[in-house]
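What follows is each chain in one-letter form.
Protein chains: 2
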Amino acid sequence: MRIYRYEENPIVTPADVKPFHEGFEVIGTFNAGIAKYKDEVLMFLRVAERPISDDPNIVQAPIYNPDTGTLELIRLRKDDVRYEFADPRVVKDVTQNVGFAYLTSISYIRIARSKDGRRFTVDDQPFIYPSDKSEVFGIEDPRVTQIGDTYYIYFSVVSPNGIGVSMVSTKDFESARRHGMIFCPDNKDVLIFPEKVNGKYYALHRPTMKSIGSPEIWIAESENLIHWGNHKHLIGLREAMWDWGRIGGGAVPIRTDKGWLELYHGASKEHRYCMGAVLLDLDDPSHVVARSLKPILEPEAEYERNGFFGDVVFSCGALVEGDIVKMYYGVADTSMACAELSLQEILDSLTEI
Amino acid sequence: MRIYRYEENPIVTPADVKPFHEGFEVIGTFNAGIAKYKDEVLMFLRVAERPISDDPNIVQAPIYNPDTGTLELIRLRKDDVRYEFADPRVVKDVTQNVGFAYLTSISYIRIARSKDGRRFTVDDQPFIYPSDKSEVFGIEDPRVTQIGDTYYIYFSVVSPNGIGVSMVSTKDFESARRHGMIFCPDNKDVLIFPEKVNGKYYALHRPTMKSIGSPEIWIAESENLIHWGNHKHLIGLREAMWDWGRIGGGAVPIRTDKGWLELYHGASKEHRYCMGAVLLDLDDPSHVVARSLKPILEPEAEYERNGFFGDVVFSCGALVEGDIVKMYYGVADTSMACAELSLQEILDSLTEI
Numbered sequence: 001m002r003i004y005r006y007e008e009n010p011i012v013t014p015a016d017v018k019p020f021h022e023g024f025e026v027i028g029t030f031n032a033g034i035a036k037y038k039d040e041v042l043m044f045l046r047v048a049e050r051p052i053s054d055d056p057n058i059v060q061a062p063i064y065n066p067d068t069g070t071l072e073l074i075r076l077r078k079d080d081v082r083y084e085f086a087d088p089r090v091v092k093d094v095t096q097n098v099g100f101a102y103l104t105s106i107s108y109i110r111i112a113r114s115k116d117g118r119r120f121t122v123d124d125q126p127f128i129y130p131s132d133k134s135e136v137f138g139i140e141d142p143r144v145t146q147i148g149d150t151y152y153i154y155f156s157v158v159s160p161n162g163i164g165v166s167m168v169s170t171k172d173f174e175s176a177r178r179h180g181m182i183f184c185p186d187n188k189d190v191l192i193f194p195e196k197v198n199g200k201y202y203a204l205h206r207p208t209m210k211s212i213g214s215p216e217i218w219i220a221e222s223e224n225l226i227h228w229g230n231h232k233h234l235i236g237l238r239e240a241m242w243d244w245g246r247i248g249g250g251a252v253p254i255r256t257d258k259g260w261l262e263l264y265h266g267a268s269k270e271h272r273y274c275m276g277a278v279l280l281d282l283d284d285p286s287h288v289v290a291r292s293l294k295p296i297l298e299p300e301a302e303y304e305r306n307g308f309f310g311d312v313v314f315s316c317g318a319l320v321e322g323d324i325v326k327m328y329y330g331v332a333d334t335s336m337a338c339a340e341l342s343l344q345e346i347l348d349s350l351t352e353i
Numbered sequence: 001m002r003i004y005r006y007e008e009n010p011i012v013t014p015a016d017v018k019p020f021h022e023g024f025e026v027i028g029t030f031n032a033g034i035a036k037y038k039d040e041v042l043m044f045l046r047v048a049e050r051p052i053s054d055d056p057n058i059v060q061a062p063i064y065n066p067d068t069g070t071l072e073l074i075r076l077r078k079d080d081v082r083y084e085f086a087d088p089r090v091v092k093d094v095t096q097n098v099g100f101a102y103l104t105s106i107s108y109i110r111i112a113r114s115k116d117g118r119r120f121t122v123d124d125q126p127f128i129y130p131s132d133k134s135e136v137f138g139i140e141d142p143r144v145t146q147i148g149d150t151y152y153i154y155f156s157v158v159s160p161n162g163i164g165v166s167m168v169s170t171k172d173f174e175s176a177r178r179h180g181m182i183f184c185p186d187n188k189d190v191l192i193f194p195e196k197v198n199g200k201y202y203a204l205h206r207p208t209m210k211s212i213g214s215p216e217i218w219i220a221e222s223e224n225l226i227h228w229g230n231h232k233h234l235i236g237l238r239e240a241m242w243d244w245g246r247i248g249g250g251a252v253p254i255r256t257d258k259g260w261l262e263l264y265h266g267a268s269k270e271h272r273y274c275m276g277a278v279l280l281d282l283d284d285p286s287h288v289v290a291r292s293l294k295p296i297l298e299p300e301a302e303y304e305r306n307g308f309f310g311d312v313v314f315s316c317g318a319l320v321e322g323d324i325v326k327m328y329y330g331v332a333d334t335s336m337a338c339a340e341l342s343l344q345e346i347l348d349s350l351t352e353i
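Read top to bottom, the protein sequences are chains F and P. First residue of the first sequence? That's 1 in this note's numbering, and the numbers climb one at a time after it. First residue of the second sequence? That's 1 in this note's numbering, and the numbers climb one at a time after it.
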């Protein structure tokens with residue numbers, strides 16, 4: 001597989017973005033959704049900001065207060081035995097059997113704009129910012145599906161009540177209409193198909209189970225993009241392979257003659273995130289046609305291997321021009337990069353199922 | 001609170017039901033949904049059958065094979081250190097961070113019919129039986145909502161891919177139409193309201209989270225009962241109270257002058273299951289009006305305290321006649337019982353929020 005990584009990579013880094021919160025530092029500008037609007041490429045950056053610490057023994061967890069509209073900080077002592085601080089992204093409560101109790105940063109969505117898709121200018125203000133109790137820990141990993149002249153932007157919302165996926169829509173990227181939570185917790189990595197298939201909208205999603213089951217890709221259908229049902233398990237983890245740990249949809253599915261091409265992420269048991277591809281039936285996307293045995297993109301460049309959380313390539317959006325797939329992707333939970341691949345080469349690389 | 005438990009309790013027990021599977025024993029006839037059809041009360045029993053063991057050192061886990069349409073048995077040695085057998089309902093894989101790996105019984109739905117609501121005759125054949133890969137570990141805890149002359153029956157479906165909620169509909173209880181999975185894993189305890197509220201259908205549901213969040217009650221809306229969205233967190237666990245461990249909807253919400261009355265179950269940290277009530281706004285059921293400080297029904301009778309999994313009262317359906325609430329409920333994960341309560345007394349017992 002030929003991979004052309006842009007010379008400009010990483011194309012947006014935390015140094016390019018001024019913090020929105022006073023006393024905070026930007027630690028991540030990553031996992032951006034992508035759209036074309038007029039003559040520009042828009043990148044919907046997940047911007048992660050962390051309170052600047054005044055004490056190395058204290059970890060501060062930012063929480064949005066929907067009543068006051070301000071951020072509040074929880075101060076946690078690193079020697080507090082109730083908590084575990086090994087993962088830099090989260091604080092775990094060792095007395096609770098859940099993944100985490102607090103996040104160490106708060107994320108929201110900011111737009112970056114470009115004429116050439118390589119050099120971006122980041123807006124000064126957030127585009128989507130936490131607004132209610134479902135979003136008090138932040139908003140993450142947006143994806144964008146254009147249907148007609150409407151852009152649907154959906155993203156993970158995080159709160160003590162769970163991680164779900166909410167959606168807004170806009171035609172001009174100035175105002176946005178909120179549609180509420182379209183997938184309830186525990187869910188993320190939703191990707192809405194860009195057109196109806198046999199009269200129905202489809203979406204990929206990635207529930208995370210506690211009772212039984214693994215973090216794998218499911219498919220659902222809808223008549224109005226807001227209410228979803230007929231959920232079906234689509235593809236699973238593969239033992240001893242690059243996608244054994246967890247998988248989730250990445251870019252909005254791409255219509256090809258051979259089927260719907262989904263660029264998805266897979267992580268190993270050691271949390272190394274790669275990108276692969278799966279091909280779904282054109283008339284029935286709940287039927288899997290073919291899948292990558294090997295990744296189409298692995299963390300190899302220095303900026304992919306090192307960062308806030310290293311060894312991660314994680315795409316939330318791609319643009320297709322003829323045979324060229326411009327895959328934008330977050331690197332190391334820190335910055336944005338872009339690589340061009342051949343659509344035909346991706347399709348040829350897949351193994352029939 | 002006055003509680004009138006039927007003299008006939010338990011009204012259906014495993015001894016009343018002939019196993020459907022050869023070589024199996026019925027260990028549970030419980031957690032039944034309830035409907036009125038013509039001049040009869042129909043009980044949609046969850047029937048749990050367990051393979052009769054030929055060796056005390058072996059636990060057998062039944063799995064439905066959708067390709068052959070038959071049950072297969074996995075044999076697990078009790079001295080196999082990879083597994084844990086402490087909970088009689090499940091087998092845990094100690095190497096996996098999920099709730100369970102296998103169930104020790106398989107459940108499906110069978111109808112019991114009665115003229116007086118006390119003496120039931122159980123159908124010989126299953127009404128809803130596993131049919132696809134989402135149901136290979138069985139079908140559990142049905143609820144029934146009547147809308148017009150159509151009955152919607154929805155239930156937990158269990159497989160290695162997760163626990164979700166699927167739905168069928170019928171007008172005659174002879175044939176049933178399948179509508180697929182309406183809530184994806186990890187979810188159960190769905191309750192569909194019996195009429196539209198301000199132009200939309202509503203349902204309660206109970207996601208279970210792994211990342212963050214507790215097993216609490218959410219509310220969603222729909223236009224067609226099949227696709228669901230606008231998910232909102234509704235009520236949570238309460239520290240050091242009877243519903244601190246987990247909660248979930250029980251009976252179909254009851255329309256009263258004061259609001260929608262939901263009879264829900266709550267379990268303590270020690271897995272003692274009680275029934276309580278919550279009142280939701282008549283025009284906006286996502287708004288909570290009042291809630292039980294104390295349970296309205298606790299496991300006190302011998303048949304409620306002792307059984308396959310003791311100290312459990314768990315209602316999946318109730319009938320309302322004037323001021324009388326006939327609450328049918330599963331006892332000790334074993335049998336069915338019924339108690340009559342006063343609707344007014346339940347309403348009067350609630351504490352405003």
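Quick caveat, the hints were computed from the structure, so don't treat them as lab data. Take the hints with a grain of salt, since some may be wrong.
The list that follows gives simulated cross-link-like pairs (lysine-lysine, BS3-like), each with its CA atoms no further than 30 Å apart [claimed, not checked]:
#1 P:Lys133 x F:Lys269
#2 P:Lys232 x F:Lys171
#3 F:Lys200 x P:Lys196
#4 P:Lys78 x F:Lys269
#5 P:Lys200 x F:Lys200
#6 F:Lys196 x P:Lys78
#7 F:Lys133 x P:Lys78
#8 P:Lys115 x F:Lys133
#9 F:Lys78 x P:Lys200
#10 P:Lys115 x F:Lys92
#11 P:Lys115 x P:Lys18
#12 F:Lys196 x P:Lys200
#13 F:Lys196 x P:Lys196
Short, incomplete list of chain F residues facing chain P, as computed with Cβ under 8 Å [to be verified]:
#14 Gly69
#15 Gly162
#16 Met181
#17 Ile226
Just so it is clear, CB atoms sit at the ideal spot from N, CA and C, and this is done for glycine as well.
Hints, verified against the model:
Under the criterion of a C-alpha separation no larger than 30 Å, the hint pairing lysine 133 of chain P with lysine 269 of chain F is consistent with the structure, at around 26 Å. Of the pairs offered as hints, the one joining lysine 232 of chain P and lysine 171 of chain F holds, with about 26 Å between alpha carbons and a cut-off of 30 Å not exceeded. Proposed proximity of lysine 200 of chain F and lysine 196 of chain P is supported: the alpha carbons are some 23 Å apart, at most 30 Å. Among the hinted pairs, lysine 78 of chain P with lysine 269 of chain F is consistent with the structure: their alpha-carbon atoms are about 28 Å apart, no more than 30 Å.
Taking the CA atoms of lysine 200 of chain P and lysine 200 of chain F, the gap is near 20 Å; set against the 30 Å cutoff, the hint holds. In summary, the hint linking lysine 196 of chain F to lysine 78 of chain P is not supported, as the alpha carbons are separated by about 51 Å, beyond the 30 Å threshold. Simply put, lysine 133 of chain F and lysine 78 of chain P have alpha-carbon atoms about 46 Å apart, too far for the 30 Å limit, and the pair is violated. Our distance criterion of 30 Å between C-alpha atoms is broken by lysine 115 of chain P and lysine 133 of chain F, whose separation comes to about 48 Å.
Under the criterion of a C-alpha separation no larger than 30 Å, the hint pairing lysine 78 of chain F with lysine 200 of chain P is inconsistent with the structure, at around 48 Å. A threshold of 30 Å between alpha carbons decides the hint, and for lysine 115 of chain P with lysine 92 of chain F the separation of about 55 Å lies outside it, so the pair is violated. Between lysine 115 of chain P and lysine 18 of chain P the alpha-carbon distance is near 21 Å, which keeps this suggested pair within the 30 Å criterion. A distance of roughly 23 Å separates the Cα atoms of lysine 196 of chain F and lysine 200 of chain P; the hinted pair therefore holds under the 30 Å criterion.
Note on lysine 196 of chain F and lysine 196 of chain P: the hinted pairing holds, with a Cα-Cα distance of about 27 Å set against a maximum of 30 Å. At about 20 Å, the closest approach between the beta carbon of glycine 69 of chain F and any beta carbon in chain P exceeds 8 Å, and the interface hint on this residue is violated. Interface restraint check: glycine 162 of chain F against chain P, minimum CB-CB distance 3 Å, threshold 8 Å, status holds. With 8 Å as the threshold, the beta carbon of methionine 181 of chain F comes within range of chain P, its nearest partner Cβ sitting at about 4 Å, so the hint holds.
Look at isoleucine 226 of chain F: its Cβ gets to within about 5 Å of chain P, closer than 8 Å, so that hint holds up.
In the structure shown, a violation is registered for the earlier hints numbered 6, 7, 8, 9, 10 and 14, in ascending order.
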